[in-house]
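Assemble the complex: chain A is given as a structure, and chains B, C and D with the ligands must be docked to it using the hints.
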Amino acid sequence: MAKMTLIAAINDALKVAMRRDPNVLVLGEDVGVNGGVFRATDGLYQEFGEDRAIDTPLAEAGFVGAAMGMAVYGLKPVVEIQFDGFLAPAHEHLVNHIARIRNRSRGRFTCPMVLRIPSFGGIKALEHHSESIESWYANVQGLKLVVPSNPYDAKGLLLAAIEDPDPVLFLEPKRLYRAFRQEVPEEYYTVPLGKAAIAREGKDLTVLTYGPHVQTALEAAERAAADHGWQTEVVDLRSLEPLDLDTIIGSVKKTRRAVVLTEAPRTSGFHSELIALINDHALEYLEAPVARVTGFDVPMPYLLSEDLYIPGVERVVAAMTEVKSW
Amino acid sequence: MAKMTLIAAINDALKVAMRRDPNVLVLGEDVGVNGGVFRATDGLYQEFGEDRAIDTPLAEAGFVGAAMGMAVYGLKPVVEIQFDGFLAPAHEHLVNHIARIRNRSRGRFTCPMVLRIPSFGGIKALEHHSESIESWYANVQGLKLVVPSNPYDAKGLLLAAIEDPDPVLFLEPKRLYRAFRQEVPEEYYTVPLGKAAIAREGKDLTVLTYGPHVQTALEAAERAAADHGWQTEVVDLRSLEPLDLDTIIGSVKKTRRAVVLTEAPRTSGFHSELIALINDHALEYLEAPVARVTGFDVPMPYLLSEDLYIPGVERVVAAMTEVKSW
Amino acid sequence: MATIETGKLNMENLFAIRRVLNSDGTLAGPEPNLAPAQLKEVYRLMVYLRSFDQRSLNLQRQGRMGTFAPFSGQEACQVGSAYLLQKGKDWIFPTYRDHGAMQVLGVPSVNVLRYYMGDEKGSRVPEGVNSFPISIPIATQLVHAVGVAWAAKLKKDDVVTVGYVGDGGTSEGDFHEALNFAAVFNTPAIIFIQNNRYAISTPNSKQFKTRTIAQRALGYDIPGVRVDGQDILAVLAVMQEAIDRARSGGGPTLVEALTFRYGPHTTSDDPKRYRTEEELVEWQARDPIERLRRYLVAKGLWTDQEDEGLWSWAKDQVAAAVTEAESMPRPAVDEIFDYVYAEPTPELVRQKEYLKRQLGRQGSGEANTHG
Amino acid sequence: MATIETGKLNMENLFAIRRVLNSDGTLAGPEPNLAPAQLKEVYRLMVYLRSFDQRSLNLQRQGRMGTFAPFSGQEACQVGSAYLLQKGKDWIFPTYRDHGAMQVLGVPSVNVLRYYMGDEKGSRVPEGVNSFPISIPIATQLVHAVGVAWAAKLKKDDVVTVGYVGDGGTSEGDFHEALNFAAVFNTPAIIFIQNNRYAISTPNSKQFKTRTIAQRALGYDIPGVRVDGQDILAVLAVMQEAIDRARSGGGPTLVEALTFRYGPHTTSDDPKRYRTEEELVEWQARDPIERLRRYLVAKGLWTDQEDEGLWSWAKDQVAAAVTEAESMPRPAVDEIFDYVYAEPTPELVRQKEYLKRQLGRQGSGEANTHG
Ligand SMILES: Cc1ncc(C[n+]2csc(CCOP(=O)(O)OP(=O)(O)O)c2C)c(N)n1
Ligand SMILES: Cc1ncc(C[n+]2csc(CCOP(=O)(O)OP(=O)(O)O)c2C)c(N)n1
Ligand SMILES: [Mg+2]
Ligand SMILES: [Mg+2]
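Protein chains in written order, with my numbering: chain A, 150 to 475; chain B, 150 to 475; chain C, 239 to 609; chain D, 239 to 609.
Keep in mind that the hints are not guaranteed to be accurate.
Label pairs and their in silico Cβ distance ranges [as the list claims (entries may be wrong)]:
id, chain 1, residue 1, chain 2, residue 2, range
1, C, E520, A, D170, 34 to 42 Å
2, C, R599, B, Y434, 26 to 34 Å
3, B, I347, A, D395, 48 to 56 Å
4, D, P584, C, G344, 54 to 62 Å
5, A, K352, D, R595, 23 to 31 Å
6, D, E365, C, E516, 50 to 58 Å
7, C, G488, A, I347, 57 to 65 Å
8, A, E199, C, D572, 38 to 46 Å
9, B, E350, A, E433, 27 to 35 Å
10, D, R449, C, W549, 50 to 58 Å
11, D, Q300, C, K246, 29 to 37 Å
12, D, R485, C, E516, 34 to 42 Å
13, A, E433, C, T561, 51 to 59 Å
With a straight-line Cα cutoff of 20 Å, these simulated SDA-like cross-link-like pairs (lysine to any residue) come out [what the hints assert, rightly or not]:
id, chain 1, residue 1, chain 2, residue 2
14, D, K359, B, T259
15, A, K402, B, A437
16, C, K393, A, R201
17, D, K391, B, G399
18, C, K594, B, D200
19, C, K394, A, W475
20, D, K327, B, K473
21, A, K273, D, I374
22, B, K273, C, Q543
23, A, K273, D, P569
24, C, K393, A, N172
25, D, K510, A, E199
26, B, K344, D, P584
27, B, K473, A, N172
28, B, K402, A, W475
29, D, K590, B, H430
30, C, K590, B, T259
31, D, K594, A, V462
32, C, K394, A, V173
33, A, K273, D, R568
34, A, K344, C, P569
35, B, K344, D, E585
36, A, K402, B, Q195
37, C, K510, B, Q195
38, B, K273, C, P569
39, B, K273, C, K394
The hints are simulated quantities; they were obtained by calculation from the structure and are not laboratory data.
Using N, Cα and C, we set each Cβ at its ideal position, and we do this for glycine too.
The shape of chain A in the complex, shown without the other chains (with noise of 0.2 Å):
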């Protein structure tokens, strides 16, 4: 074991699926002699060459459309696109034939491919480089939507998606990248697609997130006990698609009280899923409203409003307060 961060995890994945099978490779924007902009594929073109760790032309429909056609093919391409922002060039490449092929072709053709996309705000960047769009492509069907929050699960769940028969979405906690080490096997290991994690148990109340706000709600579940010794229970999600329903459910039937935190724009965010999901199988249990933290429905601002915008601790233990207090 060694200690690493979540950007030497995903490092170190792409290393191990990359020696154990020949026909992984990655390709995208300066991921080749770069390593890529946060260095997600440093090392990679030194040891594996330029036929799998490819520098594309600067065109995402281009190379993720051409990853399709890889995956069809029988390669296992995974792609960086090199910010959330930049998502967008290759929405339909993704939406309407990635996500599709299996289904159009009724098994024909598949497509097991991953899209690694470093996600969400935190590092203050310049405009484009801090979007949450999970919420969009929860609504698309034949992709599989993956958020690690810590190193440990940050390669075993991309090992995981590359072991994956079906495309998926990575999404990256960028701001995590750098922010904490935890201890990493070496070896290959997968943290299983569809499994939620119980970050913090309690009886209380529960928060229901992913990513990047696992840590805000484990803070604030601390500063909640401390102040009101309340015990929050943290739903660490994981996966969005498939999502743990039962873990969900149950937590929530147990705790009856519920927050649930991104920081995805507010209206018809995948927040709004999860308090749907809470009033088809729990509504009866609920002692309150579920209380919702999130992104407010404006494009996520330039670095001095950022604070601004993504929900805070403070935030996350207002919204307890609520469901408590109710």
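Same frame as chain A, but now just chains B, C and D with the ligands:
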């Protein structure tokens, strides 16, 4: 007053708008000489000439992005996207520029334009011609989202959208284009964006819906009245962004039972937001969980199976029964 | 000054139209090096496809099929672009109008019929037939064609791919991105443009400013060529060169075939709104089937009886396919759920159960009886 | 055969690099027809921009500004592409690296500084200055440049627009769509490519197969030209022709300026990972500012004292702008809500109230104190 179909009302709205404002023009694929594949722009080329009814090259990013430039410069482009599935190539311009130019420039540049998009299923068309995309764009800020359900509203809402200072996605229920006629004034009038309509009054339960599904809801309400004597209130949202929360919550508080009806894929759909809003503002009034009648989490099936996907009257009545018999 | 010099280039000469047969079937140049058997084979294929296309149009008019995109008039392109490919090895990436090429490569007519009747199983091409399903989003399939060619190259397979696109499709960004990737990675992908002069109602003159599309090749430093798309022998000659180039590591080729669709864009279209009867008649006079027939007859390879026989054989073949297609059962309810993922998610299982309960309640199930 | 002939074209000759001054400042051709005042003016602008760029880099290093994209080395392109435009009439569509051209057109330095400090108000350019805000999504702004040019043409305004893009940006579909629309509708839009040889780390050789980008113009039947991007007099000459052509109804021009960025792609980039020191030194020897200085001195239009004076003036000017920028207040909380729509929706009003309540509770508001 003349009796018009929905498509005739849209054609009429375009003519009225173009006659009163020389800056209004239509552009897109086959909207000129051919009058559009649904004939929505029929006669515009003849009356207003090739500079105001413009046949563009086959490139959605190109003409949607160019239309944004036109709008910023002071024209009022009304773009036709030939079918819902073909907005995808313009997704980047829509979410990264059209929706943001006002906010990005702090009001210096604005983008008053309308994208007319024949939407939803029901005409047994080929793949990509029957999509429900509202769930994605309701999560995109800076865009307005309007969905008429009848000829009178179609004309009034389209004229209001053309008048609006912000970009509007105008989702036309293509299966209603020629489904029925309605009295529609020949002159200029608008139906305000952001105001829902009570399509049918009732006290026993509420159906929240929009666009083509309003017809389904009304039929279901008839049947429920006949079979069970239930008085169903049908709320036609008309505009999803801005949304008429007061009417929605008012109706739910009155009936205490609600069904949300769309044909969008179920997971993370706009209907989920409606449920979340009820959770936020009226949970304690509910006698039963909100029932959602939606499309399935599958790509819209080819025509032989289309009816399996689109919620019919039976599915709506079944949901009504659920919320009534809870 | 550069900006002036470039204007001097005469692209129509630079990309002179390749032709082997004149409209009347006489030789425009040297004899093609195709065996009589091959000449008859491609003739047979064109006749079969014409019959298939016409019958399909009728089926749609009779309400026995959904919206249909006919290719009549473009048979030389459909057959010529796919005939020389190695079945089970090379790949094609068709549009809604290339179901002729699909059948040439080995996709059964029944698949095409079921597709247009509205059954996804039609898009499930048999194992061993390397045709992508019909792609409707314009020009997207070109990028897939380059991706598969690229993958094959990386795997050291000497596979060739053909991506189909229309004149209108060349305006999409994907056309550019596909050509650029093909050029940069020197992939064995052939971009085959059928320039039938219209994109639905939009004529070439509103689609691009240039007199040729082939000249776009100059912007990528790849070979480009224009060919008479009504002359199957010319299309075959051009494809042979492109396929040889691709297979031998020479990379991509951009082919512009000049052709015309006799019918509507699709069965929902009315061509009278945007093109003249004269134009149609003019093109029918260059009919690819009639042209080759005359050549074969002149060479003493073909007789009128044989021709009659072939047309009625084709009619019967198509009829048999139609019977088979119409005898197939409606898609089962499960089908719409079972292919979204390799393993249906728990949520999809719940949704399928719900729908089946519903249909049960509704007896025969209002939903899936019509259509 | 067409496919061979086209190979014969020598694009590097066809699109010979336009040059007025040699690297050493001596004349490569005829005297430019620019008044001494203009020559000094563009020199002054380049010096100012170099100072601005260098100071901005330092601010970022000191944590007083966010991620910054420097253009040092590309001043001849920045000034030469915008200098001849009519302020208040013509439009530019800059990328993150074209804040030099923005300032030449009249965007205050303070706006650029505030933008990179993370304040949207920086993107609110003053009325009368027709510069779009910086566009980060690659190549998208070209389509907007064509759209505005098209609108102006429809309104009979003799406006010219300039869309900026880099070598990497030419690979995006939008590059193709913009050129095709510009050609088909003959819009007065100039597509100005700064080919600085790299897209972040990706060299031209991995971006496209051709030896020039200008030759893409052949695919659209529009004028294309290559110019020495380190020679401002050449850039001015080429832009004068393109502007005259556009304004007189002659339509679009594709300009490829060969240049080089001395610094990193942005302050988060480390060029040592993908380019050699030699390459940098080689390009610095062609420095656009030094080149023009030598020419001015040789012509007796410029002295060393004047030069020293200019550099210190520039330093002071920039310092003043920085002081002003840093003295500006943080954006108010309301700002992030008030410009999404002309009228905030009821939902946005609720969200703003919620946030203000929250910040109130949190006292000074943890949120908006740092950064
Ligand atoms: C991205 C996209 N936009 C629009 C359409 C609608 N559409 C279908 S076919 C067509 C015209 C295609 O013309 P062309 O490329 O010349 O091919 P042809 O139909 O003539 O064979 C259009 C606009 C589509 N299928 N995909
Ligand atoms: C659509 C999109 N994809 C990716 C990026 C990330 N990105 C920013 S700059 C850049 C390279 C641009 O290179 P080039 O076009 O040559 O311009 P230069 O930076 O050299 O001036 C990339 C890939 C982006 N901004 N937009
Ligand atoms: Mg065509
Ligand atoms: Mg560059």
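I'd like to know which numbered hints this structure contradicts. Please list them from smallest to largest. Failing hints, ascending: 1, 3, 11, 17, 18, 19, 20, 22, 27, 30, 34, 36 and 39.
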